[in-house]
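Kindly produce the complete structure, drawing on both the sequences and the hints.
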Amino acid sequence: MFYLAMVEAEEMEGSPNQMAVLESKMKMCLEREKANPDALAILAKIAFQRQQLDEALHLYEQCIEVCPVHTNEASLLPAVTDYVQIRSLRKAVEALRQTTASPNDAPYSGVR
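If you're matching positions, the sequence shown starts at 1 in the UniProt record's numbering and goes up one per residue.
Hints are supplied without guarantee of correctness; some may be wrong.
Straight line, CA to CA, 16 Å or less: simulated EDC-like cross-link-like pairs of lysine to aspartate or glutamate [what the hints assert, rightly or not]:
id	residue 1	residue 2
1	Lys-34	Glu-23
2	Lys-91	Asp-54
3	Lys-91	Glu-73
4	Lys-91	Glu-55
5	Lys-34	Asp-54
6	Lys-34	Glu-61
Per label pair, the in silico range of CB-to-CB distance [unchecked claim]:
id	residue 1	residue 2	range
7	Lys-27	Ala-74	37 to 47 Å
8	Ala-35	Leu-89	22 to 32 Å
9	Leu-89	Ser-15	29 to 39 Å
10	Glu-65	Glu-31	11 to 21 Å
By construction, these hints were calculated from the structure, which means they are not laboratory data.
Note that the structure is a prediction, hence the values are computed from the model and not measured.
Positions of the beta carbon are idealized from the N, C-alpha and C atoms, including for glycine.
If you want it as structure tokens, here you go:
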């Protein structure tokens, strides 16, 4: 079930109705089993598709914390990879925002 949900999450670019239905299903899974790394990873992927980077990072952190590494290394690897990529993307976006935030703060380089 979770494999199909992950495939669905990856393929539903821009379909808000499908995302909402899948998100609801994963939240119900988490209500039944609080520490379900698969549901957390799918919710993180949905948050990323919505460009909610902080929420995606938070969900991946939870996924990584609860995933039993010794028994489920295969499902942990994609979560760690996505987490690192999103964290790097967030840092790049923040750096870009800082450089473009206020051009008045940049030193004057014109000829007087």
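message: Checking each numbered hint in turn, tell me which of them this model violates, lowest number first.
response: 3, 5, 7 and 9
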